[in-house]
Amino acid sequence: MLLESQSLIELYTTMLTIRRFEERVAAEFHAGNLFGFIHSYIGQEAIATGVCRHLDPEDRIVSHHRGHGHCIAKGADLNRMMAEIQGKKTGYCKGKGGSMHIADFSIGMLGADGIVGAGLPIATGAALAAQLEGENRITAVFFGDGACQEGEFHEALNLAAIWKLPLLFVCENNHYGVNTTREYSLAADEIVRIPKAYHIPTHAVHGNDVEAVHRAAGEAVAALRGGDGPRFLECETYRWHKHFLSDTLEDLRPREEIESWAQKCPIAAFAAKLVERGVLTQMDLERIDSGVLREVEEAYQYALDSPYPEPEDALEDVYAP
Amino acid sequence: MLLESQSLIELYTTMLTIRRFEERVAAEFHAGNLFGFIHSYIGQEAIATGVCRHLDPEDRIVSHHRGHGHCIAKGADLNRMMAEIQGKKTGYCKGKGGSMHIADFSIGMLGADGIVGAGLPIATGAALAAQLEGENRITAVFFGDGACQEGEFHEALNLAAIWKLPLLFVCENNHYGVNTTREYSLAADEIVRIPKAYHIPTHAVHGNDVEAVHRAAGEAVAALRGGDGPRFLECETYRWHKHFLSDTLEDLRPREEIESWAQKCPIAAFAAKLVERGVLTQMDLERIDSGVLREVEEAYQYALDSPYPEPEDALEDVYAP
Amino acid sequence: MREITYEGATQEAIQEEFRRDPKTVHLSTDLYAELQNEFGAERIRVTPIAENSFVGAAIGLAGSGFRTVVNIRMATFGFVAMDQMINHAAKIHYMFGGQAKFPILYRMTVGAGISAAAQHSVSPYPMYMNAPGLKIILPSTPYDAKGLFKTALRDMNPVVSFEHVALGGMRGEVPQEEYFVPFGHASVRREGSDVTVVALAKMVHEALEAARELAEEDISVEVIDPRTLVPLDRGTIFESVRKTGRLVVVDEACQTCGAAAEIVALVTSDAAVFGRLKAAPARVCGLDVPIPFSPPMEKFAVPDKVKIVEAVRGVLESRSVPS
Amino acid sequence: MREITYEGATQEAIQEEFRRDPKTVHLSTDLYAELQNEFGAERIRVTPIAENSFVGAAIGLAGSGFRTVVNIRMATFGFVAMDQMINHAAKIHYMFGGQAKFPILYRMTVGAGISAAAQHSVSPYPMYMNAPGLKIILPSTPYDAKGLFKTALRDMNPVVSFEHVALGGMRGEVPQEEYFVPFGHASVRREGSDVTVVALAKMVHEALEAARELAEEDISVEVIDPRTLVPLDRGTIFESVRKTGRLVVVDEACQTCGAAAEIVALVTSDAAVFGRLKAAPARVCGLDVPIPFSPPMEKFAVPDKVKIVEAVRGVLESRSVPS
Ligand SMILES: Cc1ncc(C[n+]2csc(CCOP(=O)(O)OP(=O)(O)O)c2C)c(N)n1
Ligand SMILES: Cc1ncc(C[n+]2csc(CCOP(=O)(O)OP(=O)(O)O)c2C)c(N)n1
Ligand SMILES: [Mg+2]
Ligand SMILES: [Mg+2]
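Protein chains in written order, with my numbering: chain A, 1 to 321; chain B, 1 to 321; chain C, 1 to 323; chain D, 1 to 323.
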């Protein structure tokens, strides 16, 4: 399936939006203007982008602790994201969630989550809902290689497989859970060995190549909409920042490894391709970039201008009316 | 490896002891003399027997809710078992545990357990202890096909594999968890697909053939003692009784299936073989049986004659001194 | 009025609500044949033995517009699913700023008395009470079981129902007509003037027996059944204690940090009620031990009529020594 | 005396005990480089992210003669391992009739104040208190952290240590010589005669500040730090309340069914102490809400010096109305 220029440009723009958003967040964090636990998605942009491109607003996704990219790719509003990260009342969660718990149920983004592996069972429920609705909706769940070590991973695979749920498992294998390597902590040298044990069809792709992700996800999503049961996509990638933004947390990953992956930037690579293929010119790239930067700036300002919640707001939303 | 007559006779005697013990327990339960939740091991005797035959008292086992057979095969005292099942002070757990929680740490029997799948992580700890002790000890963990649906199963396989623990996984696949079939509830049509995903070597054997179990377990145990890391043994079998002894619980398994498995009695089959091979005569079989029955009778009487705990004994053993 | 069992009453509530609302799903490791016959295998599902995953699946269903009944069965198994229950079900409405609702009914059985030993005889509702975001119901009669279930099945929050194993077979009057028992409304099971006894679940029935026995000695006991623990009807309890001046709280759960501790703390830290107390309140709770298997010990570990009678006598004899 | 951090103090205790006893193992998802350098990768192990399995592995190790320190890190992650913790660690010594011992130290961090939001800011020790079989420690200073760890590492039971995130970097005096802080011995952090304030973990420090502030108004506050919740030193608390006649309990955990409820219930149901109460006791606890992310709300959700001062004034003003 060859993409038209417009689609390619949109893929590029989405990736770049994630990148610029995350860069701004990191800069503000290091300047002391943001707080809490913020897990940067930089380096992994191609995955959320390539997968979510296939999803309609009625399709649902479940994210994890490193969730900003999934939100943006699913179409979330940057203003309300930034406001949430700043702890403002205008944020997606009225300041109750922060970076780790952004959600937008109105666009089928069922939330980021701080517990490794825990999105997986929740996603089986969303996928079961999609199956019962009977309108060919699907659910995608994003999770890291670290999540594959939790029992919930196994249970969700099994549940999806026996019930033939329209659930796309998207494993973002960035080789580490904090500072521990996947090689050390998971005996399945290829993660796809595990879904295969449950007869779930798998695809392993280079997660920094947005076209490859897009292609594999496209096949998987088509199969899912056809009612074929779950699919599993493993995307090899790397995170550029420390596990979370922090001035003190140690990064124990080898320096050369970090640098070698910086050479495999999903965005720079794709930009080069688009220019080479004549889809975009260098000037187009700059125009897109300044548009994205403006959006991010606006979002940051929107958040800045927004009020903090009142202390007593803490008492609301414990129970739904 | 061909077994000498003496060993064959001992295998036979152990199986028969389990059978007669369980028959007595069931009879007394249905006569209203026993209470609580009792899960009968009848039909699965060859598994505990064939595996534990390879274990020394220093080797450890972890059992599950259907644990009487594992206790007996590991060498537990029938008197104290029966006393525990009757809730007597002379029981293994002073009447605190009952049928579902018999243990004898002095012979490396680390306990039966009422939570499906929960013995698996505990067994990884016992196996790690064995590894650290450095004396070629091993640990075996018994669990049902139902336990393979719990996340703890996956976590324990992974832990054992990455740490190369001397742990023998013994899956007693009796095709059901209560009334739900393995086919329905586990997407891995062959259970061994799952350990294989973690590169754990597997053996699938007919679990009602004690010699086959013994042979496969022997190979596995030798590898374990050699420090090769975990092994996985799947034993296909069937339970004869309802999920637990009960006058009300429904048994939804097909009648023909139950009857066809009754034809595959591990004990009758083995007895026939031994007679055929001239290891035992019909008279020997009867002599062994009456010896076993006497032991069981003595155990039951011992338990009957034992006192109940005092009510206040409930206050002891909450904390170790 | 017709009499049905407690278990039958819960089933009836589920049937009625599942008929009304097609976007309802039932999950359990056990087959509920009658429900499945009526509503089909798509909605009445047998799950693998994997509690954390199906407790979590209910959250995803809820976030996608479905209401789910999850029968976890014994409360023991709930501990396997604590991540989804506490880290998620309880918090997810709040941490997402109220943008989505999570209507789920989680069911678990609790209680000792069936020789099921330490793991299978737990009463852990106090732990769940410490996790804001969950509503908690504790029906003690068939009437309440149905009425509270009906309310739970219209509530837009995760509700956890704890049902005592000894009550499942209990028969009682249940109207044919539709009715609801609201949350946060205690039931005064018996009126009295000397001592207030707040009792939970099966202990309601033990307390009523104790009250009858004490009535023969002209001791007038008021028995209150809160019926829901979250929300808790303080008003009815406070009013009763203001009247009687004496409080005994009876609960089978382990005493430390239990619901009884909470009730005593609420009562005593209310200045007005505190001022009316004629004696130190008493707790009659499960001992702080795992439940032992053998009947003499098991019986000793949980409260019963005899212990309640003793405690009521105790608070009547003791006098507050004004300082 | 030399000063070291709270975190450093816990590490020192582990080092000393690991030197003494080679049959000790350390499990955590994180690498503890200093420990691993000294004791080797066989004993200081990095685990996969699979809490239930390594919390359970510690039980198997214990049953095989090893002592394990399990650093679960944030208490949030403890919910993932609740099956092994509650169904097993807490009960296994008891249900096997005491035949084996299970020496394990489980560590978790608790508390709000670092903008970590609902899941990562929990203080669930009350839930664990409801599960007999676990000992529970709550060190509030470097001195106690080391001393309680030393005791925990000789204890033959599962001990759960809850450590407040805000205290890890706190510096304080820790002797060079070996010492132990026994379980079940509260520390009277400040003597006083008007009001007894029992405070837990980080709240000890807030309570001390409140006491200093109130001292300027000639209000004399006694501050008690129980240090261990199971066992709990009732004696010291009772004695203090008998003296002051007034009780305020301060805890960051959610109020309902919390440790504060238990302490209030213990105090008020002791007839002798009850008789000496001059006012209704008060609880100053975390609100019954998940912890919100944004600082204004987060700060509001947990107690602080100001709220303690208010509560102390409250119990001084209110008078028991003798009936
Ligand atoms: C149950 C649980 N255990 C531990 C943690 C702490 N933790 C947060 S993220 C993380 C690593 C997760 O690795 P992975 O799933 O590969 O995602 P990545 O961070 O690499 O994107 C850990 C251990 C947690 N949040 N939840
Ligand atoms: C965590 C948990 N969930 C549910 C149960 C109830 N239960 C007890 S045994 C059992 C079936 C177990 O099946 P399997 O592991 O195959 O063992 P089998 O009974 O067939 O020997 C179930 C569901 C339990 N004890 N623990
Ligand atoms: Mg990773
Ligand atoms: Mg089975």
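These are calculated hints, taken from the structure and not from any lab test. A couple of the hints might just be wrong.
As the list claims (entries may be wrong) - Chain A is nowhere near these chain C residues, computed Cβ spacing over 12 Å in every case: (1) M1; (2) R2; (3) G8; (4) K23; (5) T47; (6) N52; (7) G56; (8) A100; (9) N157; (10) G172; (11) E191; (12) E239; (13) D288.
To be verified - Restraint-style ranges between C-beta atoms, simulated for each label pair: (14) B/E58 / A/L315: 29 to 39 Å; (15) A/K164 / B/Q263: 29 to 39 Å; (16) D/D218 / A/L315: 32 to 42 Å; (17) B/G134 / D/R19: 17 to 27 Å; (18) D/K23 / A/G75: 53 to 63 Å; (19) B/E190 / C/G65: 34 to 44 Å; (20) B/L249 / C/A41: 15 to 25 Å; (21) A/P321 / D/P231: 37 to 47 Å; (22) C/N37 / A/T13: 25 to 35 Å; (23) A/P321 / B/P321: 21 to 31 Å; (24) B/E183 / A/G227: 56 to 66 Å; (25) B/A262 / C/G65: 47 to 57 Å; (26) A/L285 / D/R171: 50 to 60 Å.
By construction, the Cβ of each residue, glycine as well, lies at the ideal position given by its N, Cα and C atoms.
Interface exclusion of C/R2 relative to chain A, criterion Cβ beyond 12 Å: 34 Å, holds
Look at the Cβ atoms of B/E183 and A/G227 and judge whether their distance stays inside 56 to 66 Å. Taking Cβ atoms as reference, B/E183 and A/G227 lie about 21 Å apart, which means the hint is violated.
Assessment of proposed distance window 21 to 31 Å (beta carbons of A/P321, B/P321): 53 Å, violated
Falls inside 25 to 35 Å, the C-beta gap from C/N37 to A/T13? With a Cβ separation near 53 Å, C/N37 and A/T13 fall outside 25 to 35 Å, so the hint is violated.
Taking the minimum C-beta separation from C/G56 to chain A, is that value above 12 Å? 3 Å, violated
Verdict for A/L285, D/R171 (Cβ pair) under range 50 to 60 Å: 52 Å, holds
Hey, is C/N52 genuinely clear of chain A, shortest beta carbon separation above 12 Å? Non-interface label fails for C/N52: nearest chain A Cβ at 6 Å, not farther than 12 Å.
Okay, B/E190 versus C/G65 on CB: inside 34 to 44 Å? 37 Å, holds
Per the stated criterion, does the least C-beta distance between C/D288 and chain A lie above 12 Å, as a non-interface residue requires? 30 Å, holds
Would C/M1 pass as off the interface with chain A, using Cβ distances and a cut of 12 Å? Its Cβ never comes within 12 Å of chain A, the nearest being 33 Å, so this holds.
Range hint 29 to 39 Å (beta carbons of A/K164 and B/Q263) holds or violated: Because 35 Å falls inside the window, the suggested range holds.
Kindly confirm whether 15 to 25 Å is satisfied by the beta carbon distance between B/L249 and C/A41. 22 Å, holds
Violated hints, in rising order: 4, 5, 6, 7, 8, 9, 14, 22, 23 and 24; the structure is consistent with all others.
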